[in-house]
Every structure is written in structure tokens, then in C-alpha cells.
Amino acid sequence: MLTFVIRRLLYSVVVLLAASFIIFTFVSVSGDPVAFLRMQPTASEITIQRIEERKHLNEPIPVQYLYWLKDMLTNQFGTTTIGDRPILPDITRVMGHTLQLVIAAELLAILFAVGIGVYSALRQYSVFDYSATTFSFVGLATPVFWLALMLQVLFVYIYQWTGVRIFYVANLSGVDPGTGIHFVLDRAQHLALPVLVLMVASIASYSRYMRASMLEVVNSDYVRTARAKGLPERSVTMRHAFRNALIPLVTIVALNFGGLLGGAVVTETVFGLDGMGLYFINALNNGDPYPVMAWLMVTATLVIVFNLVADIAYGYLDPRVRYD
Amino acid sequence: MTDRMPSTDQRAEDREEVGVFGTGSRPAAARAGAGAIALPEEPSGAAMDLTLSYESGVELKARSQWAYARIRFFRHRLAVASLVVLILISLVAIFAERVAPYGYDELDLNNIASPPTLKDHHWFGTDLLGRDYLSRVIMGVRTSLWVAVFVAVLSTLIGTAFGAVAGYYGGTVDNLLMRFTDLILTLPGLAVLLTAAAYLGSSDSQFGPITLTQPIKVGLILAFLFWTGLARIVRGVFLSLREKEFVEAAKASGAGDMRIIIRHILPNCIGPIVVTMTLIIATAILVEAALSFLGFGIQPPNPALGSLIADGQVQGFETWWLVTFPGVVIVLIALAVNFIGDGLRDALDPTQRIRA
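Heads up: the protein sequence lines correspond to chains A and B, in order. Note that this note's numbering gives residue 80 to position 80 of the first sequence, counting from 1, and the numbers run on in steps of one. Note that this note's numbering gives residue 96 to position 96 of the second sequence, counting from 1, and the numbers run on in steps of one.
If you are wondering where the hints come from, they were derived from the structure by calculation, not from laboratory data. Virtual Cβ for every residue (Gly too), placed ideally from N, Cα, C. Hints are supplied without guarantee of correctness; some may be wrong.
Unchecked claim - From the structure, some residues in chain B lie toward chain A, with a derived Cβ separation under 7 Å: (1) 184; (2) 191; (3) 198; (4) 202; (5) 206; (6) 209; (7) 335; (8) 338.
Said to hold, decoys possible - Here are the computed distance ranges between Cβ atoms for each label pair: (9) 243/A to 259/B: 43 to 53 Å; (10) 116/B to 59/A: 49 to 59 Å; (11) 320/A to 203/B: 48 to 58 Å; (12) 128/B to 272/A: 15 to 25 Å; (13) 203/B to 128/A: 44 to 54 Å; (14) 272/A to 67/B: 47 to 57 Å; (15) 14/A to 246/B: 37 to 47 Å; (16) 80/B to 39/A: 53 to 63 Å; (17) 188/A to 87/B: 53 to 63 Å; (18) 251/B to 232/A: 39 to 49 Å.
Said to hold, decoys possible - These stretches of chain A come out as covered by chain B in the derived footprint (C-beta under 8 Å, 3 or more residues): (19) 97-108; (20) 181-187.
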């Protein structure tokens, strides 16, 4: 078990290095972080030169990469190219926002998906089952950004017609969010639509997994045995079938969750939420490698950690699984 | 890039190979994530044919594998309906110039920001410049579909080649190729996609005599990330089949490696290959749309559904139709392709269906 974890982590370090080098190259070659300054008539030649020197922009890219690596390890991801702004505080802030969004969406999604999946499996081929299946097919075929936009349009129109503001369609907080319960309400009104968008995608895929694994369990031998013993149906489904059917879902959710912590890029972009995803897109648009790389390292590490968590959890929940 | 990368399924498969899922309980669960709508009843058609023909003394008609697959596919009503829809959409896309009532950039200054109407054929409305959105969507479908098919074909070729070589030769070759596949699979897909798209730029490139148009470059990036799942599937089939007697027989009769790979083993994995290819088309459409929406995918002046939606978004909430219609078309295509994939899975690979 321990060797399994260590081997995986070592392999992950290699992947991280490879990925960071590739992406550093892409970003450095494609964007010029000081392009913005060059167009400013007020920015002097010397200012630009200083920045170029400080960030070693005139060195070959592998050298720049090594400078970045040093900065990341010793200087908390370093600073942005323009403005010399420390990156870590920014990342911490946007991560907090993304966590609020993703945790809310995933918790609700799991709740709904488990309910839908189990019920569809128990009532296979019923109207409910067909509706749930149709919903998840449509959900999986719907682009996330488009769903987000449609909800925005819908709620803007509702506001215009009725004058009632149910949910906000952009940003994370109102102009004056207030404190205490007012702040929480304001935040909830802002997060409701993004959470809904993320939920739809998650429910669509989780409920399929849940249905399939529940079906498999319900038809297994030990469930038949439980029935044969004369256990009440309720106890058969809830204690024998349901708990085992949850196991595959753990893996899927852990993997997905790790990925989402990198920010629901599209959702955050559409709703203008100050989270990881928007941070990444903005950094990429500025062509500034340092924040992009900081985002990448945090995200990739989280994905690796959650993949590992998924595997370990699976082995823990299902004793038949062995690591070697 | 639909906020989650398409690799969830592939990861699950990955796991199985590492031995974490060593219980044999996975395939149905993982497969069903994508599949299992329509749940076609299993009529005892074959058995009935048999008794009838036996009694009436008529000989049984011999049917090839393909004939059976075709019958199974056509029994899947949703898949057939989807196929019809997709063929219609493709025809419209292919003959875009003749079908579209207006040119892509043509301005109809009498109808600026017109909502959807039958008048002057502005079925999908016009934007603030008076461009007809039906025509723009038709052109967009052409680019998006073409890129998606390109991605599917290319990644299928790469994936099949990798999987076949790795599985057939085994040993060091297998190890090397699969480590490389693992690496691609574990790369943070989203970051690679966006940065690579930024790197490849927003214009056509010229490599000697070959011109790479910008949509093709987007297709290349997607294909580079999408082939890994198929490579693993094909490798699995090859690993198990290369020990079989028919391969030995082929070897004994002097067939070369290439011939055995292509003529003897490959036809056995045509089912999963076709199904995966179909599903890649759907994923590619969605991912490309999201990329283009974010401004990193297909760039103007090339039309694409994703950038049409972005265009519509910029023009404000009053012109809701600009955002709505391109999206509806994306959903329609993705849905149709998924249903077809589902039908193909049932038709070509009956063993993969979940037990009911």
C-alpha cells in the first residue's frame, strides 16, 4: 500500500515537471507579457527593460523555465510580470471562491444523483427511469457555457418583467453585500445560477453511474441471498444493495472534484466569478507565464491528490481490491 | 472543457488495468455512464424465424455479422431517428452556400436585430449588424462538424495504431508506448488545450507546400488529446487475441506481422473502434464549442458555433436568439451523435450491454 502511494507520487512528480515545461513553453512563446506596456506611450523604455531583466525575458526559454522553477519553490510562485504582484495571495483568494462554488454544487449534485440513480434502478423501464435517462442524455449533450448563458438570459428577462430579483446573473457579491446573514443571502443569490449549471452536468453523469451500479448490485447473488433469507425489502435495498452500489460513485466523484477545483473555467467566465478558472483565463489572455504556471501547479497537484484519494478510498471500501 | 475533461471514462478504464478494479465489476458500470438509453427490447425474432421456416420447410437465410449488426441497429429507433437528423444536418452543412438564404457576412440593413421571423427567411433572427443568423449557424455547423469529424478520424487512426502495435508486440514496445499514453492521459487536459491553442495562434500556418488552416490546427490539438482511450481499448483486444490459434495459424502459413495485425486481429476490434469514434465526434463538438466560445478555438473570420454564441453574448441580453439558436444546434448534434453511438454499441458489440 505504502509502496503503491510512493510510486504513484514519484510518477506524478515526473508528470508535473513534463506538463509544466510544455505549458511554460506554450505560454512563453505565444504571449508577450509586456505587450500591454509596450503600447502605453507613458511607459518608458527603461521600465520595460527592467521588467525584462527581472523576469529574464531575453533568456532562452529553458533558462526562463529554470528561473521560474526556482521562484516557485523558494518564493511562493513568484510575482506577476507587470506590477510585480505576489501570486500566492491571489491564488488563495480565488481558490476560496471556487471552493464555495464547487462544494455547494457537488454536494447537491451527489444528493440528487444518488436519489435519481437508485430510484431509476429500482423502477427500471418505468416512466421515471426513461425521463431520468433522457435528462442525463440531454444534460451531457448540452454545452456548459450555453446553459449558463441561457439561464442568464432567462433570469434577466424575469427581472425585467416582474421587477423581482431572484438570482443575480453575474459577479460574486453585490455592491454592498452587508454582513452576517445579509452577506450569506447575497452570496447565495449570486452563486445560485453557477451552482445550478455545475449541478446539471454532474447530476447527468453521476446518476448514470449510480443507476448502473445499483442495477448490477440488485441482480447480484448476495442480494438474492438476502431476499431468500426473508429480509424485508427495505432492508435488502438500503442495507445490502444501496451501500455497495455507492462504491463506484466514490471514485467518479473524487476524480471529478479534483478536476473542478481547477475552477469551472467556463462557468466562472460566463458568470464573472472571481475563481480559479477565471484567474487562469485572465492570466492566459495576458500572456503572463507566472500566474498561469501557479494555477497549473495548484490544479495539477489537486488532481493528482484526488486521484490517489479515489484509489485509496476504493480499496478501503471494497476489500476485494488489492494494490500491488 | 465542458468544465470537466472528457476523460472520466478513460480514467476508469485506466484504473482497471492498474488492477485497482480487479473485481470484474467495472465494465458495465463504466460503460453505462455514457450509454444505455432506449434499452431496446430483445424480441425473440431470431427464434421465431427459425420455427416458422422450419415448419414451412423454407431454408434459413444465411446472414453475415454485418447483416445482424445492421438489423440490431435498425431496431434501435432513437438511433435511427438520430441518424436521419444527423444526415439532414450534414447535408445542409455540405451544401451550405446553396442552402443558406444569405451570405455569412452579408448585411441586411432593413432588418437589424430582428427577432426570429419567417419574413425574409430570418428564421433565427439577425444580429445588430443585420447579419442573418440562420446562414451564420449553417456555416458554423459546417466548420464545427468538419473539425469534429477530422478529430475523430485522426484520433482513431493514432489510437488504433498505437494500441495495435503496443498490444501485438508487447514487451518493451508496449511498455514505451503505454507510458507515453499514460503521460498524455495524465496531462492537465484543459491547460494543455488552452495554452496550445494560444500557442498555435489565430491564423493559418504554412509548412512548405502544406497550409494548415486555423480550424485544422484546433482539430490537431484536440486529436492529440483524444486518442488515448481508444489506444487502451485496442491494445487490450490485441493482447488477448495475439495468443489465439487463428493468429498462430496465420503465422504458420507465412503471414507477416502487418498482415496479421490488419487482416486478422484488427477486424475483431472494429466494434469498439467505431463506437469510440462516434463518441469522440460528440465530445469534440462540445469541447471545440467551449474553446471557441472562450476565444481560444476557431477564430473569426472562420465561422464556428461556439464563437457565434460568444458573438451573441457580446451583443446583449435583448437579442436572446443570437445565443439560443447556435446552442440548440450544438445540443441537437451532440445528442444525435450520442444516440447513434449508443445504437452502434448495441449493434456491434452486443456483449457490452448492461445486463437488464
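Hint by hint, here is what the structure shows:
The closest approach between the C-beta of residue 184/B and any C-beta of chain A is roughly 10 Å, which is over the 7 Å cut-off, so the hint fails. Below 7 Å, beta-carbon pairs count as interface contacts, and residue 191/B has one with chain A at about 5 Å; its hint therefore holds. Checking residue 198/B against chain A: minimum C-beta separation of about 4 Å stays under 7 Å; hint holds. Checking residue 202/B against chain A: minimum C-beta separation of about 10 Å lies over 7 Å; hint violated.
Evaluation of the residue 206/B hint against chain A yields a violated restraint, the C-beta minimum of about 18 Å exceeding 7 Å. The interface hint given for residue 209/B is violated, since its Cβ lies 24 Å from the closest Cβ of chain A, which is over the 7 Å cut-off. Taken as an interface hint, residue 335/B checks out: its beta carbon lies about 4 Å from the nearest beta carbon of chain A, inside 7 Å. Interface hint status for residue 338/B: upheld, as the beta-carbon distance to the closest one in chain A is roughly 6 Å, under 7 Å.
Taking the beta carbon of each, residue 243/A and residue 259/B are about 52 Å apart, inside 43 to 53 Å as hinted. Distance hint for residue 116/B and residue 59/A: a CB-CB separation of about 56 Å, consistent with the stated range 49 to 59 Å. Between residue 320/A and residue 203/B the CB atoms are about 55 Å apart, so this pair conforms to the stated range of 48 to 58 Å. A hinted range of 15 to 25 Å holds for the C-beta pair residue 128/B and residue 272/A, which are about 22 Å apart.
The hint said 44 to 54 Å for the Cβ distance between residue 203/B and residue 128/A, and at roughly 52 Å that hint holds. The hinted window of 47 to 57 Å between residue 272/A and residue 67/B holds, with their beta carbons roughly 56 Å apart. Hint check: residue 14/A to residue 246/B, Cβ distance near 40 Å, so the stated range 37 to 47 Å holds. Checked against the given bound of 53 to 63 Å, the beta carbons of residue 80/B and residue 39/A, roughly 57 Å apart, stay inside it.
Distance hint check for residue 188/A and residue 87/B: the Cβ-Cβ separation is about 46 Å, which falls outside the suggested range of 53 to 63 Å. Checked against the hint of 39 to 49 Å, the C-beta distance between residue 251/B and residue 232/A comes to roughly 60 Å, which is inconsistent with it. Residues of the stretch 97-108 of chain A lying with their CB closer than 8 Å to a CB of chain B number 0, which falls below the three-residue condition for coverage. Evaluation of the coverage hint for the stretch 181-187 of chain A: breached, as 0 residues show C-beta separations to chain B shorter than 8 Å, against a requirement of three.
The structure does not agree with the numbered hints 1, 4, 5, 6, 17, 18, 19 and 20 stated previously, though it agrees with the rest.
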